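Trainee: Protein chains in written order, with numbering that gives the first Met the number 0: chain Y, 0 to 302; chain G, 0 to 302; chain Z, 0 to 302; chain W, 0 to 302; chain X, 0 to 302; chain H, 0 to 302.
These are calculated hints, taken from the structure and not from any lab test. Don't take every hint at face value.
Since the list gives no way to pick out one identical chain from another, each pair is judged satisfied if it fits inside one copy or across any two copies.
[Unchecked claim] Derived lysine to any residue pairs resembling SDA-like cross-links, with alpha carbons at most 25 Å apart:
{"hint": "1", "residue 1": "226", "residue 2": "207"}
{"hint": "2", "residue 1": "226", "residue 2": "131"}
{"hint": "3", "residue 1": "226", "residue 2": "81"}
{"hint": "4", "residue 1": "226", "residue 2": "139"}
{"hint": "5", "residue 1": "226", "residue 2": "281"}
{"hint": "6", "residue 1": "226", "residue 2": "260"}
{"hint": "7", "residue 1": "226", "residue 2": "238"}
{"hint": "8", "residue 1": "226", "residue 2": "19"}
{"hint": "9", "residue 1": "226", "residue 2": "35"}
{"hint": "10", "residue 1": "226", "residue 2": "106"}
{"hint": "11", "residue 1": "226", "residue 2": "136"}
{"hint": "12", "residue 1": "226", "residue 2": "239"}
{"hint": "13", "residue 1": "226", "residue 2": "189"}
{"hint": "14", "residue 1": "226", "residue 2": "138"}
{"hint": "15", "residue 1": "226", "residue 2": "91"}
Please read all numbers here as calculations on a predicted model, not as lab measurements.
There are 6 protein chains.
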Amino acid sequence: MMPLPTDFLLGTAQSLATVSEAEQRMLLRTGAVLPSPEELQRFMQFVRAVVFPGFYDQRTSSSDTRLFHTGVAVEQIYSILCRQIARGFVFCREQGAESGISALANSLAERFVTELPEIKRLVLTDVEAVALRDPAVSNYGEVVLSYPCIMEMLHHRTAHALYRLGVPVIPRMIAEQAHSLTGIDIHPAAQIGEYFSIDHGTGVVIGETTVIGNRVMLYQGVTLGAKNFQYDSEGRPMDLPRHPVIEDRVTIYSNASILGRVRIGHDSVIGGNVWITRDVPPGSRITQSGPVVEREFADGSGI
Amino acid sequence: MMPLPTDFLLGTAQSLATVSEAEQRMLLRTGAVLPSPEELQRFMQFVRAVVFPGFYDQRTSSSDTRLFHTGVAVEQIYSILCRQIARGFVFCREQGAESGISALANSLAERFVTELPEIKRLVLTDVEAVALRDPAVSNYGEVVLSYPCIMEMLHHRTAHALYRLGVPVIPRMIAEQAHSLTGIDIHPAAQIGEYFSIDHGTGVVIGETTVIGNRVMLYQGVTLGAKNFQYDSEGRPMDLPRHPVIEDRVTIYSNASILGRVRIGHDSVIGGNVWITRDVPPGSRITQSGPVVEREFADGSGI
Amino acid sequence: MMPLPTDFLLGTAQSLATVSEAEQRMLLRTGAVLPSPEELQRFMQFVRAVVFPGFYDQRTSSSDTRLFHTGVAVEQIYSILCRQIARGFVFCREQGAESGISALANSLAERFVTELPEIKRLVLTDVEAVALRDPAVSNYGEVVLSYPCIMEMLHHRTAHALYRLGVPVIPRMIAEQAHSLTGIDIHPAAQIGEYFSIDHGTGVVIGETTVIGNRVMLYQGVTLGAKNFQYDSEGRPMDLPRHPVIEDRVTIYSNASILGRVRIGHDSVIGGNVWITRDVPPGSRITQSGPVVEREFADGSGI
Amino acid sequence: MMPLPTDFLLGTAQSLATVSEAEQRMLLRTGAVLPSPEELQRFMQFVRAVVFPGFYDQRTSSSDTRLFHTGVAVEQIYSILCRQIARGFVFCREQGAESGISALANSLAERFVTELPEIKRLVLTDVEAVALRDPAVSNYGEVVLSYPCIMEMLHHRTAHALYRLGVPVIPRMIAEQAHSLTGIDIHPAAQIGEYFSIDHGTGVVIGETTVIGNRVMLYQGVTLGAKNFQYDSEGRPMDLPRHPVIEDRVTIYSNASILGRVRIGHDSVIGGNVWITRDVPPGSRITQSGPVVEREFADGSGI
Amino acid sequence: MMPLPTDFLLGTAQSLATVSEAEQRMLLRTGAVLPSPEELQRFMQFVRAVVFPGFYDQRTSSSDTRLFHTGVAVEQIYSILCRQIARGFVFCREQGAESGISALANSLAERFVTELPEIKRLVLTDVEAVALRDPAVSNYGEVVLSYPCIMEMLHHRTAHALYRLGVPVIPRMIAEQAHSLTGIDIHPAAQIGEYFSIDHGTGVVIGETTVIGNRVMLYQGVTLGAKNFQYDSEGRPMDLPRHPVIEDRVTIYSNASILGRVRIGHDSVIGGNVWITRDVPPGSRITQSGPVVEREFADGSGI
Amino acid sequence: MMPLPTDFLLGTAQSLATVSEAEQRMLLRTGAVLPSPEELQRFMQFVRAVVFPGFYDQRTSSSDTRLFHTGVAVEQIYSILCRQIARGFVFCREQGAESGISALANSLAERFVTELPEIKRLVLTDVEAVALRDPAVSNYGEVVLSYPCIMEMLHHRTAHALYRLGVPVIPRMIAEQAHSLTGIDIHPAAQIGEYFSIDHGTGVVIGETTVIGNRVMLYQGVTLGAKNFQYDSEGRPMDLPRHPVIEDRVTIYSNASILGRVRIGHDSVIGGNVWITRDVPPGSRITQSGPVVEREFADGSGI
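Okay, chain Y solo, but in the shape it has when bound (with noise of 0.2 Å):
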């Protein structure tokens, strides 16, 4: 290999390292150190351990010990994010206003562990929502090993209590990690109760202003979305409420789209590849609007 001669390599690098005007919308404050993707995930299995305490350390399940394990993770999950957070507020905030993001970053990681019980309780009615609806299941623990749901709720549910705690930039960096593994992309502003289960789940899209109640079943490649944008008087697009309420009880089959500020009803069973964009009342059964009809193709083709 013939190296590459110095002025082409520096002229290249030069007009690489130039900031064009594009560039400079998204330049970084000088000397800000970005949140880690990899701290993240280490914060993460650090959440799973205290979740399902014996699962996922590779160690014997032993009760006795759960103690000092839980300690210690729970010290961890503190400190990294402490200093995760710290970073995203300098990562978001403008130049200048830094004092004080310290302290902040602190209070809100300590607020953050007092959820963490309720997280777990959360997740677990996840699991058991899990078990009850699928007959393949064999045991609450296959569920937690190998269903994409519990690994995406478990991310939800942390970057969701993230994102009430006004934690800039890293709720969403922890909802892509889970996006990323389960094809499942779940806005962390998202509210959804408890029991909630996703079938499959990928291509599931769930909106940042959707509100889903308890006992919620959906199946792969539903999507909550929005129908459309309002735009202020800047034509910047509005961050209003504009994704489904989805209420108790309700059962949305495979790619059924869902979307705009609309309610589905308590009971109500939504039928697969359906599209709906108004309200639907309580127990109500939705499903295409004609029955599939076989035809030849004209012209004999595949389609």
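Based on these hints, arrange chains G, Z, W, X and H on the given structure of chain Y.
Mentor: Then chains G, Z, W, X and H, alone, in the frame of chain Y:
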């Protein structure tokens, strides 16, 4: 960063370490060590090396030394399986019945090893099926290196062999690892014939009791799912045949959903986005019921 | 664990190491070393560091030292490419034609380096497009850190540049790595204009001969696919233009499928879940054919 | 690179894999798994973390959470030891006698755990001894972080406790790991009192039956060795007391050699480079026999 | 493996976690984070890359890109030092005096960067000295790659520069890392002139207040040590000049010991195994006092 | 942390990147890639696995699969050597003479492979020699796992075989890696017979032209060195035989120095700390010249 106060930390840890009633149901046996996701990944790497020698081990593909590498890989496959199957049984069994687990695990691992040549043969038919169907393929090796379908089928055919041997939990964990990588979710119990291919694949779901013939091809987003469950006298869903039977040489286009124990006759073509809940005779061509109509949105909104 | 008997192991290994007729077709050249997925991941990390300096390298984002880091990254990009492109050629070529591969690989790697500033410019337009369309975005940096669309386009614009230079295999491997991370599957040959954005993204498929204009936006599950193939005289599918042309400023909502060499006119809006197989004039608004009808399921089942 | 011819490779491998008569004597039991050097390194890291909390774990040294970290470390120490001691017994025993190994290993591991507080107390006396003797020491922490003597004694006092419990092989492996790091070679059986220190240390050798009192100090290159062996009737060297007894408060300067079962009386000082093979009364001052004489080399050479 | 009983584990952990009186003296400040041995190893790797570009970074030694690599390495050297020096001050200071530590650390790190060219110049003189003295050397590069003397001097000249800047703890940690690798123990405060070389090196000790001129050569096992200490009124050893002064062009053969504040005149040669405690005039040739005598051992033993 | 000013950083980097006259002499060829220490460590791990199957690879020591593991290890040994030997030649040669390096490297690597059985045979004699001489040995396996002598001889016998094949640089690098681990420094050119053993070993030095017979034993700190050099007409030291010849069955006790091309007759015993510079007849017993005298230190000091 100020450390958390001892009392606060101790209180939180105790709250988290206490076993709630809900958690009781998923409690592990004392001393049990769970199947290790990391070890199962190593296991799959050895299976991959055996099925595609020279492709995945970063060395030259000398056929001269293939026998040695294969021997070592087979030994690793066997010894990892011995340990993980034993863990799987401990994980799933009732308290008490432990004697004989080790001998059973060894015996199942050995039987899996005898399945390897057939697994290899089947996956190679899948490579061939992909290569024949996709005009973008320039050579067979490219299919191995860059088609998620092949990664998926390598996992599925392995998981299915383990499932048929009665190995608990582990087939499901292997399937979920493939799901996370490819977005394709195939239950390990699903029966799939030779020369199977999936294009793109994201969002494909193939349920537990599905039966698929030879030379079937699917596109992304296809669901082969259950329509509904029957419940037993205790209100638990029953594990009966409830997913489709797809006969030989069927092609199913993107985002089609076929639900329930229906039969798609051989040589049929199912169009994209259709929703099928009853049998389809051999040689059928199915497409959406009506033509797509262009309409101006009344409200001029984005939808 | 009892070791496997020697004879059993030897027999299994020989059976597996024997080259079947099917395997013959995918046999690698003796001595060939395949392109390394791990090296291509390192390659993409350097591309990412060059496009988003300060974001992905866990250091402070000092602009003072940007030139040095860029220079080192460019050198790494070049030297990894030299090796991997050469491997790609060996992988794809007929037996025999090896002379000149190294010089050709170096020359293509150097030409790729000259494309880097344009790749950077294009990806920055994508960041801007996302930021302008999504009301949940609070700053540009958040888009870079947590939107799968950006990760995808970083890979696609890189893979596409390599594709246009005639580099074999490697563009496809890079595309598949992005697909696994994001659930978005874009063929490296697809042509995509500037200010492109995808929201959520899981399940999006963009085929090989697709042409997309500027400022186009897609939602999750959109398929820009082929309708059917034409076959050549030997029965192999022909690699002709068979995917859509999407003109400037088109928006396509979730799970829509546009199939075949059709043209979607500029400034059109395609609604969710529609299925389009013919041209659409500029400025169109397309939605599903009929209104969704609420029906009680006759059988009271879940669907 | 041309691959090796199959026959050549096979021949070499067979030649190497054949068990010669010499190798027969060191053959391992079928199925035995050896003690793992890597696991023993992890074990020592946990011992170190218990003895010097806050020093070696890269976290803040909060005493608030010390109890949790200690509990986890002790559990790890116990569980690693259970496995490794069992492997050690399998490694050393005659074919056949395997039953009960696991219970014995667990029991010894538990007894080792009860020794940990005393090991910690003793190593802290060594830290104090170093700090009091070396004028270059500025604080106690510096001794912990940068004196090889402390690293050595942490290993020795651990290895010695295991030796006294009758654990096979493992004490020797731990001792050798310290030897490689520090150049100090102490046999695990050597008995060493409290407040022990070694300065610099490279080349120090302390033999198997050595007995050392309290507050003894050694310099680099000191040998406390055997003079000769007695042989048993089969010509094998006998394992009798054959190394020195060093009483309290003795100082031995660099490169001195004390050989055989001799007694160095308390409060003696042994000068550098001397060679002692008989008893020395308490309070002695020993130095080289004659003064150093300056001489011109007769041949003008460098020596 | 049976888990340890909770009470037993708790009792042991409490016993270990209790701070004894002895431990009180080495207690760290609450919240202090210690200097990281791993980070200091990374630091030394960057120093090495700057001093020997092309040797240690596994890439081609293109001089074309040397400037970029050097710039990045210098930035890393600076930023690691900023953090570690600050930790070193926190580690060593009394409770309370923390303000200004960060600014001081940055300033010292910057001053160290200005010393790098001189460190590089000096280490290159050591390479030249080795190459000139050893007939087994075939080229300069071999000296860099395989002589422990060069590894040692790279560390010492770095540690010494930090020592002279008043950096606490860290010079000692760097020196000890070299000691563990090479068996050569040089105190960071020792002053050593240019063109210094050590052959083999194991067991060499060079004390804190040693002063060594230019073109000095040592062999293995040489001690430049203290003879005894003077104690202050509180009985603590005083940190006065107490190690030798070695003038220009002196050679000292293996295992020689030179002790106390004595002066070895320029151009002297000190023979192996001698013991010197007083001044030696320039141009001396010193060897052992008497000839070696052959004697039969009276007792016929091995010694 | 404030970033360094650009100008300051640029200035320092330029100063460091400038090639001084001294550096000119050790400049590498443009494009040369150096032998990799990490690869040579991997190489030695494979050699170790071949010599001691079952000991070092953390798997069960089943003789059933030994042939497979050996075959794979031999292939790895060969392929690593091919690359590293070629790098070694590029590193050492004059500019220009590159053609044929690759073929030469392959040929030497193949010849090394044929030496492996003899290397294994010799190292096993060393294991036996240690086991027979040390009463602390309880079984042969313990010698393999925990005696630095065996680690050293594994490296030396490998490095010596490469040296005799004319491989440049690499033998020296392997020898230095062993030196760092064991404190024993043996030049790869030294000739050593079978059944060789070293006890403890730290500080042992064996020079380039040393010749050692069979069944020789050394203790720690022994030097087999050169007395002085002869210089050629250009003032460079000449590479002539200048180290001792040690005949069969000689034992040399700790810290003895034998210097120059002298011959120690077979069956001799050399006592500790002696200094020998002339021939010793067979069967000799050599010890220090005079008895050790006890003296009070005149000044009451510590020496």
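Trainee: Against each hint, give a clear statement of whether it holds in the structure.
Mentor: Now for the hints, and whether the structure bears them out:
Taking CA atoms no more than 25 Å apart as the test, residue 226 paired with residue 207 passes inside one copy only; the shortest distance there is 13 Å, against 30 Å between copies. For a Cα distance limit of 25 Å, the shortest separation of residue 226 from residue 131 across copies, 17 Å, qualifies, whereas the shortest one inside one copy, 33 Å, does not. In this homomeric assembly, residue 226 and residue 81 never come within 25 Å of each other (Cα to Cα): the closest approach is 38 Å inside a single copy and 48 Å across copies. Proximity of residue 226 to residue 139 under the C-alpha cut-off of 25 Å is restricted to the inter-copy arrangement: shortest distance 24 Å between copies versus 38 Å within a copy.
For a Cα distance limit of 25 Å, the shortest separation of residue 226 from residue 281 qualifies both inside one copy, at 22 Å, and across copies, at 22 Å. Taking CA atoms no more than 25 Å apart as the test, residue 226 paired with residue 260 passes inside one copy only; the shortest distance there is 8 Å, against 28 Å between copies. Taking the shortest alpha-carbon separations for residue 226 and residue 238, only the intra-copy value of 13 Å comes in at or below 25 Å, while the best inter-copy value is 38 Å. Taking the shortest Cα distances, residue 226 and residue 19 never come within 25 Å of each other, neither inside one copy (35 Å) nor across copies (42 Å).
In this assembly of identical chains, residue 226 and residue 35 lie within 25 Å of each other by CA distance neither inside one copy nor across copies; the values are 34 Å within and 44 Å between. For a Cα distance limit of 25 Å, the shortest separation of residue 226 from residue 106 qualifies neither inside one copy, at 38 Å, nor across copies, at 49 Å. For the homomeric pair residue 226 and residue 136, the shortest alpha-carbon distance between copies (18 Å) is at most 25 Å, but the shortest distance inside one copy (36 Å) is not. For the homomeric pair residue 226 and residue 239, the shortest alpha-carbon distance inside one copy (12 Å) is at most 25 Å, but the shortest distance between copies (36 Å) is not.
For a Cα distance limit of 25 Å, the shortest separation of residue 226 from residue 189 inside one copy, 16 Å, qualifies, whereas the shortest one across copies, 28 Å, does not. For the homomeric pair residue 226 and residue 138, the shortest alpha-carbon distance between copies (23 Å) is at most 25 Å, but the shortest distance inside one copy (40 Å) is not. For a Cα distance limit of 25 Å, the shortest separation of residue 226 from residue 91 qualifies neither inside one copy, at 29 Å, nor across copies, at 46 Å.
Checked against the numbered hints given earlier, the structure breaks hints 3, 8, 9, 10, 15 and satisfies all the rest.
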